[in-house]
Amino acid sequence: MRLLNGQIRTLLIVLALCLWGTSASAQTSPDQTALGQTVLRGAKVHTVAGEVIDDAVIVVGKDGKIAAVGGPDTKVPEGAEVVDVTGKVITPGLVDAFTSLGVVEIWQTGSTVDHAGSGDAVRAAFSVSDGFNPNSVLIPITRTGGVTSVVVVPGGGLVSGKAAWARLGAENGAKQAAFVDDASVAMVVNHGERGARAAGGSRGAAMESLRELYDDVVFYRDNKEGYDQNRSRKLAASRLDLENLGATLEQGMPVLFRVNRASDIRVVLKFADEVGLKPIIVGGAEAWQVADELAERKVPVVVEPTLNLPERFEKLGARADNAALLAEAGVPVVLSTFSTHNVRKLRQAAGNAVRAGMSHTDALEAITAAPARALGRDDIGTVEVGKAADLVVWSGDPFELSTRVERLYVDGAETSLDNNRQHKLFERYRELPRRGEPAERD
Amino acid sequence: MQYPKSLLFLLAAALLAGCATGSAGDKAPEFTAEDIDWPEGMNAQPRDLTPVEVEPETVLIEGATIMTATGEVIEGGSLLLEDGKIARVSEEKLDAPEGAKVIDGTGRFVTPGLIDTHSHLGVYPTPYVKAHSDGNEASAPTTPQVDAAHSTWPQDPGFQKALAGGVTALQILPGSANIIGGRAVTLELHPGISAQAMHFDGAPDGLKMACGENPKRVYGDRGGMPSTRMGTMAVWRQTLQKARETRRAYEKYREALARWKSAKEPDPKSKPQPPSRDLGMETLIGAMEGDILVHIHCYRADEMIQVLELADEFDFEIRSFHHALEAYKIRDVLAEWNVAVSTWADWWGYKVEMHDGIPQNAALIHAAGGRAIIHSDSPNDIQRLNQEAAKAYWAAKHEGMELSEDDALRWITANPAWALGIDEATGTIEAGKRADVVLWSKHPFSVYAEADMVWVEGVREYDRAEDPAPWSDFEVGQFADDASADDEEVQ
Numbered sequence: 000m001r002l003l004n005g006q007i008r009t010l011l012i013v014l015a016l017c018l019w020g021t022s023a024s025a026q027t028s029p030d031q032t033a034l035g036q037t038v039l040r041g042a043k044v045h046t047v048a049g050e051v052i053d054d055a056v057i058v059v060g061k062d063g064k065i066a067a068v069g070g071p072d073t074k075v076p077e078g079a080e081v082v083d084v085t086g087k088v089i090t091p092g093l094v095d096a097f098t099s100l101g102v103v104e105i106w107q108t109g110s111t112v113d114h115a116g117s118g119d120a121v122r123a124a125f126s127v128s129d130g131f132n133p134n135s136v137l138i139p140i141t142r143t144g145g146v147t148s149v150v151v152v153p154g155g156g157l158v159s160g161k162a163a164w165a166r167l168g169a170e171n172g173a174k175q176a177a178f179v180d181d182a183s184v185a186m187v188v189n190h191g192e193r194g195a196r197a198a199g200g201s202r203g204a205a206m207e208s209l210r211e212l213y214d215d216v217v218f219y220r221d222n223k224e225g226y227d228q229n230r231s232r233k234l235a236a237s238r239l240d241l242e243n244l245g246a247t248l249e250q251g252m253p254v255l256f257r258v259n260r261a262s263d264i265r266v267v268l269k270f271a272d273e274v275g276l277k278p279i280i281v282g283g284a285e286a287w288q289v290a291d292e293l294a295e296r297k298v299p300v301v302v303e304p305t306l307n308l309p310e311r312f313e314k315l316g317a318r319a320d321n322a323a324l325l326a327e328a329g330v331p332v333v334l335s336t337f338s339t340h341n342v343r344k345l346r347q348a349a350g351n352a353v354r355a356g357m358s359h360t361d362a363l364e365a366i367t368a369a370p371a372r373a374l375g376r377d378d379i380g381t382v383e384v385g386k387a388a389d390l391v392v393w394s395g396d397p398f399e400l401s402t403r404v405e406r407l408y409v410d411g412a413e414t415s416l417d418n419n420r421q422h423k424l425f426e427r428y429r430e431l432p433r434r435g436e437p438a439e440r441d
Numbered sequence: 000m001q002y003p004k005s006l007l008f009l010l011a012a013a014l015l016a017g018c019a020t021g022s023a024g025d026k027a028p029e030f031t032a033e034d035i036d037w038p039e040g041m042n043a044q045p046r047d048l049t050p051v052e053v054e055p056e057t058v059l060i061e062g063a064t065i066m067t068a069t070g071e072v073i074e075g076g077s078l079l080l081e082d083g084k085i086a087r088v089s090e091e092k093l094d095a096p097e098g099a100k101v102i103d104g105t106g107r108f109v110t111p112g113l114i115d116t117h118s119h120l121g122v123y124p125t126p127y128v129k130a131h132s133d134g135n136e137a138s139a140p141t142t143p144q145v146d147a148a149h150s151t152w153p154q155d156p157g158f159q160k161a162l163a164g165g166v167t168a169l170q171i172l173p174g175s176a177n178i179i180g181g182r183a184v185t186l187e188l189h190p191g192i193s194a195q196a197m198h199f200d201g202a203p204d205g206l207k208m209a210c211g212e213n214p215k216r217v218y219g220d221r222g223g224m225p226s227t228r229m230g231t232m233a234v235w236r237q238t239l240q241k242a243r244e245t246r247r248a249y250e251k252y253r254e255a256l257a258r259w260k261s262a263k264e265p266d267p268k269s270k271p272q273p274p275s276r277d278l279g280m281e282t283l284i285g286a287m288e289g290d291i292l293v294h295i296h297c298y299r300a301d302e303m304i305q306v307l308e309l310a311d312e313f314d315f316e317i318r319s320f321h322h323a324l325e326a327y328k329i330r331d332v333l334a335e336w337n338v339a340v341s342t343w344a345d346w347w348g349y350k351v352e353m354h355d356g357i358p359q360n361a362a363l364i365h366a367a368g369g370r371a372i373i374h375s376d377s378p379n380d381i382q383r384l385n386q387e388a389a390k391a392y393w394a395a396k397h398e399g400m401e402l403s404e405d406d407a408l409r410w411i412t413a414n415p416a417w418a419l420g421i422d423e424a425t426g427t428i429e430a431g432k433r434a435d436v437v438l439w440s441k442h443p444f445s446v447y448a449e450a451d452m453v454w455v456e457g458v459r460e461y462d463r464a465e466d467p468a469p470w471s472d473f474e475v476g477q478f479a480d481d482a483s484a485d486d487e488e489v490q
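Residue numbers (numbering that gives the first Met the number 0), protein chains in the order written: chain A, 0 to 441; chain B, 0 to 490.
Simulated from the structure, these hints should not be mistaken for lab results. Do not rely on the hints blindly, as some may be mistaken.
Taking lysine to aspartate or glutamate and the EDC-like style, the derived pairs with C-alpha atoms no more than 20 Å apart in a straight line are [said to hold, decoys possible]:
1. A/Lys423 / B/Glu398
2. A/Lys233 / A/Glu207
3. B/Lys129 / A/Glu192
4. A/Lys87 / B/Glu308
5. A/Lys43 / A/Glu405
6. B/Lys396 / A/Glu405
7. B/Lys129 / B/Glu474
8. A/Lys87 / A/Glu399
9. B/Lys350 / A/Asp113
Work out the full structure: start from the sequences and follow the hints.
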């Protein structure tokens, strides 16, 4: 799939906005025009754009984007459906930046696991989106946690392949729970213990492989004609791999580097500078030790905020306030569950980041705007005019365990919360099925 | 409940007593040297060479909300800890005994120490490396002769983290690769040099068994038995049958020995010879006799029913099913049979047998009159059992189920204490029980709540205000900046 970089995307948003101002967008499908205008009135809105608005009004346009957001006096279009959400809390839909949602149904049943490419070390052409199942039963369950977007990542190898951005709503009213709206949102590369294993046994071997690979990515880019005419030296990866890695050059498609040890993070940053990559650190158990360097370069770090144990030798410095320390240093922090079945726990993860010292504002940003920004999705992640109306109506503080999601909107369309397998099983067994009294114990 | 102490210890004591008083002692020793090779109890605890020295403090907590896990919540109450016990719990203000540490609990909450029925701390410690991986003796599908205590590395950094989450006692089990995995040990969270030193006083051993996907995967992949669920049941029944026969042989020997001893002049030549010991069978006999509590890893409702039938056939009690994601489907049976259910708030789905997990499992068990428990099976979630219980509580409340906070608190205190056989000692805030107590910064069901202080037997083992030295030697001196700080001091 063609890659949309941030600027092109911004341009498209502006274009869409202009069109919305005059008439229906040329790209609007019949289903979308059928969508009425919705007004959410009365909630406390965390815009994640620097504002918290009490007793707010949000107008969702027919195009599924936010048409207006403001205080109680905000002008409401005639004929719009007004939903009273007084006393509730609204945030942007949550984003989990590192999941296997939709490509793994049951981890221990291989036929349902599609997150990894072939056995090669370099799998840059592997697109995880090819295996994405929008009807995964996990997806409606994930939505109950207020999650509306996930980054679906490939695993394994030295270069795992291309991550996809999936939205957890129906696309154009289609009868499905989710859709991939960018199949190539980032490249995933492993270093540290994982990368060393994939490259044959050491960190040095991993870096050697990556340097040779990127040498050849550049060589291939500059000598495509010769390559096609069979006038090329032997290259370190297949044509498609080199082609796909080319998209990461000149700070194009971001690279998710899975790396934990402080020294490994430094090596990755240096390498990214050498080659001209846009790195995102994933895992980053010891990132707090390198916080100033990360902050200076504005390198985002995707953190699992409850990690505080030395799970591996590359995570000896793991600590619960990693996210808090990074945020304090000015690093763009992204929080993730690193999960498949429990992506719904993202808000609990954020709550625990707050418990460990992160500000509530920073933690909310770290599961909405920050991941969107890190991955070039400027159309998502805040409650601002022109942004996608991915909205969550909460009964209270989104991070608190007593709070529940009451309404969920993806692209302005309300999405069912009860229509999930777990809820249906609960309903089925709320009363036990009729059968004889259980036998007594002798 | 009384449990036999260390056989060796008793024997040593008996011998010593013999030495001190000569052969004319008026109290006959319980054991004689001749009995040494034969076990009196199947639950004999190892001798503890390095007992933990406990120095409990006297503490008066005032003004806190005391969640007792007995059904009662006392707002602005007082709690007095003395001599390692809960001395008084009261709605009134109490006078502080001399030398007592008085703590203002205003705005804070007190609960019993949390208890986890399912942990692999120490047997699968961090860092997760092969050198540390000691939880599954996966060399045969039944290994009742092994004991998790012998695999438990007390330097696991996870123990102290669990304590900081309010956990005061936990059961360390073998993994679930084997149908019969071996003995489990209950620890209390005092730092100790060995698992034996951390053993929870008086706690019976557990026995870990497993059904479902894990054993058949592990052994099926090797072309062995079991490779199917029916294979698992067959191996299980065969092994239990052998235990039953061994038990009979032991009983026969006991009877013959008693007859021989009761003779006027026992003839040494005709003294019955004991059968050769079988440590694995002794574990199973202990389970059949109720001295060892049985914990079974099992997910599916139909399999749990089969295992209940197995327990009926071989006459042993199941104390708790673990994980048990489909327990809600047979909650009436589990309540009737008094089998506890140790489960999670929201883990599900990564195996086919976990496909039907729902967040209301614990609450539905409770509603049916059963004993629900939230366990961790995780070095991470054990640090937040309070949050896990809260999620399971709210999942049920949001569906309109009747349930109190005290009910849900019991899922991580009183009920696990029962499942581990330590409920007379701990698990609730009641006078006379051990001072296993947590003082929380906020309501423990809030995501923001932290354990401010944790007492184990009246010893303040955790205090958030202090920056404690790590228990684990592993965590000492790992970073270069530790060394550079030393250098500065030298300069």
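Consistency of the hints with the structure:
1. A/Lys423 / B/Glu398: Distance of about 12 Å is within 20 Å: holds.
2. A/Lys233 / A/Glu207: Judged against 20 Å, a Cα distance of about 16 Å means the pair holds.
3. B/Lys129 / A/Glu192: At roughly 14 Å apart (the allowed maximum being 20 Å), A/Glu192 and B/Lys129 satisfy the hint.
4. A/Lys87 / B/Glu308: 50 Å, violated
5. A/Lys43 / A/Glu405: Given that 20 Å is the threshold and the Cα spacing comes to 14 Å, the pair holds.
6. B/Lys396 / A/Glu405: 14 Å, holds
7. B/Lys129 / B/Glu474: 19 Å, holds
8. A/Lys87 / A/Glu399: 13 Å, holds
9. B/Lys350 / A/Asp113: 15 Å, holds
Hint check: a violation occurs at hint 4 only; the rest are consistent with the structure.
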